[in-house]
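> Based on the hints, put chains D and R in the right spot on chain S.
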Amino acid sequence: MSSPDDELPGLGRDAELDAALEAVLMVVDAPVPASQLAEVLEQPAARVTAALERLAGSYAEHGFELRRTEEGWRYASRARFAPYVERFVLDGQRARLTRAALETLAVVAYRQPVTRARVSAVRGVNVDGVMRTLTARGLIVEAGVDGATGGTLYRTTELFLERLGLGSLDELPPIAPLLPEVDDIDEL
Amino acid sequence: MSSPDDELPGLGRDAELDAALEAVLMVVDAPVPASQLAEVLEQPAARVTAALERLAGSYAEHGFELRRTEEGWRYASRARFAPYVERFVLDGQRARLTRAALETLAVVAYRQPVTRARVSAVRGVNVDGVMRTLTARGLIVEAGVDGATGGTLYRTTELFLERLGLGSLDELPPIAPLLPEVDDIDEL
Amino acid sequence: MTLAPERTGFQVTLHNFTGPFDLLLQLIGRHELDVTEVALSRVTDDFIAYTAALGGSADLEETTGFLVVAATLLDLKAARLLPSAEVEDEDDLALLEARDVLFARLLQYRAYQQVAALFRELESSARLRYPRAVSLSPELASLLPPVELGVDAAGFAEIAAAVFRPAPPPTVGLDHLHAPSVSVPEQVVIMSGRLEAAGQLTFAELCADCEHGVEVVGRFLGVLEMYRSRQVALDQDEAFAELAVRWAPDSEDRGTAAPDPGE
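Residue numbers (our numbering), protein chains in the order written: chain S, 3 to 190; chain D, 3 to 190; chain R, 214 to 476.
In isolation and in its complexed conformation, chain S is listed as follows (with noise of 0.2 Å):
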């Protein structure tokens, strides 16, 4: 069983090149410049170039494609199948906050700065999927980088302080007195 600290899979081979692209561009969350993914593979620009317009050719018979833009690559639906994508977007699940995202903002809230690791241990299942979400939809922004572990920082924003009514974080309800059973919440 390999690690990630084994020896790097080789590229020599263009399906294996193709396949790498594939892997990076199905998880990473923004475009990705032909540069970038060149430097990370450690391949030369213009085979990565290449390799990216040879996979782009090749969805011809898929509902995603691989969409070049101005900021770089990355995998889109196709624009035929848009009425099913919206429908799915709108759908209520989506349309409206889950209780998952709103404890989500919750733990946010209440112990920003925090990381989102910090966030997934405390609730107990991965929150990365909700944590986008929560940034797509302008409740919380990225606010620098934990010096100890290099996780990204999150906070809540105006947005937040708007929805909730209030005129600062200040104005947060403290949550202490509704835990009574708990002698220091910053062990949680």
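To be clear, the hints were calculated from the coordinates, so they are not data collected in a lab.
Note that this is a predicted model, so its numbers are computed, not measured.
For every residue, glycine included, the Cβ atom is placed at its ideal position computed from N, Cα and C.
It cannot be assumed that every hint is accurate.
[What the hints assert, rightly or not] Among the chain R residues that face chain D by a calculated CB cut under 7 Å, a handful are: (1) T231; (2) F234; (3) E274; (4) A329; (5) R345.
Chains D and R in isolation, oriented as in the chain S frame:
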């Protein structure tokens, strides 16, 4: 891009249904249950499940895969490209679990909900410190109080399952073949 | 935990172990024995040696755990119940039972160790697959209605409190009335009062009012604790004889038979 009011593309052909699923799965930020996809696409759940399984089997040559967990389906990068993917997505390091932590997790996983005292009895050592660490890292969580002893009960979390790449607790390998008749040993 | 047994003619290096069962399994493995009752017999001396070496570095609770296992192994060996047993009287029966319990717990612990090794493998392969979890593109995000939290500030604080609350509201069980949890410090208080008044009591007398096995265990640990803190002296004429507990605060006279983990 078309608007939601356009006529929906027909999904009568399997190839079209597959492509529509690919398009929708491109925008998810969490695993999606087949039932939700069936609803959005207005297709029978059985047909959608069959299509998802067909799709999952069709990506062997690609750098990504379509994975099914208890919560639903979503795309993921293929394991062998992890060294490259991590250069993009790893946000803070995930420390390795110690042997003591893994042994303790093993007992909690198979005995849950379980008190610290019982875990301690199985391992033959005090587990308070390890249980605190596992709680702080969100891998186990308190789950009520044992009626008989008054001890706090613990169970594993979704984060634990995700960390091991398991869809649900049912996927834990059966421990019975490894064990003598153990049910009552703790009591002694 | 680090171990450096400085004993003439006995020098074995083991991996770090995480408790008496782990040590026993490692010793069995070192002798290339299967986990059988024969193995328990063969490794008893090694185990006792390590337990003796632990004394200075381990805390009371750790040492106690090792001592319990060591004492069981010694009993078994002394009674020559290993490897084969001949049942002659009730003491032998009790020892057979002790052997079976130790053996079963050892096998149980080994099963969980094997699962832990499997978890290690699962973990290292699971971490290699990263899920797609991307933000909505701006054009799709713009389709969404303005975000609403659906709660006011007080409701939001309630949600936060629910997240941070460590456990669901405890349910009141009546079972605990029948199986009380036992705290060693409490037992120490009970016993030191009686010993101070009586001067000396046997362990059986100290436990005469115990209703549950767990209370007896608590009192025994309490006696060990009091012995360690030099509040009592212990006397026992021979193995399995009556254990006499004498009130002797800060005395140098610490009895004749109690095991001293430091030596």
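> Go through the numbered hints given earlier and state which of them the structure violates, listing their numbers in rising order.
Violated: none.
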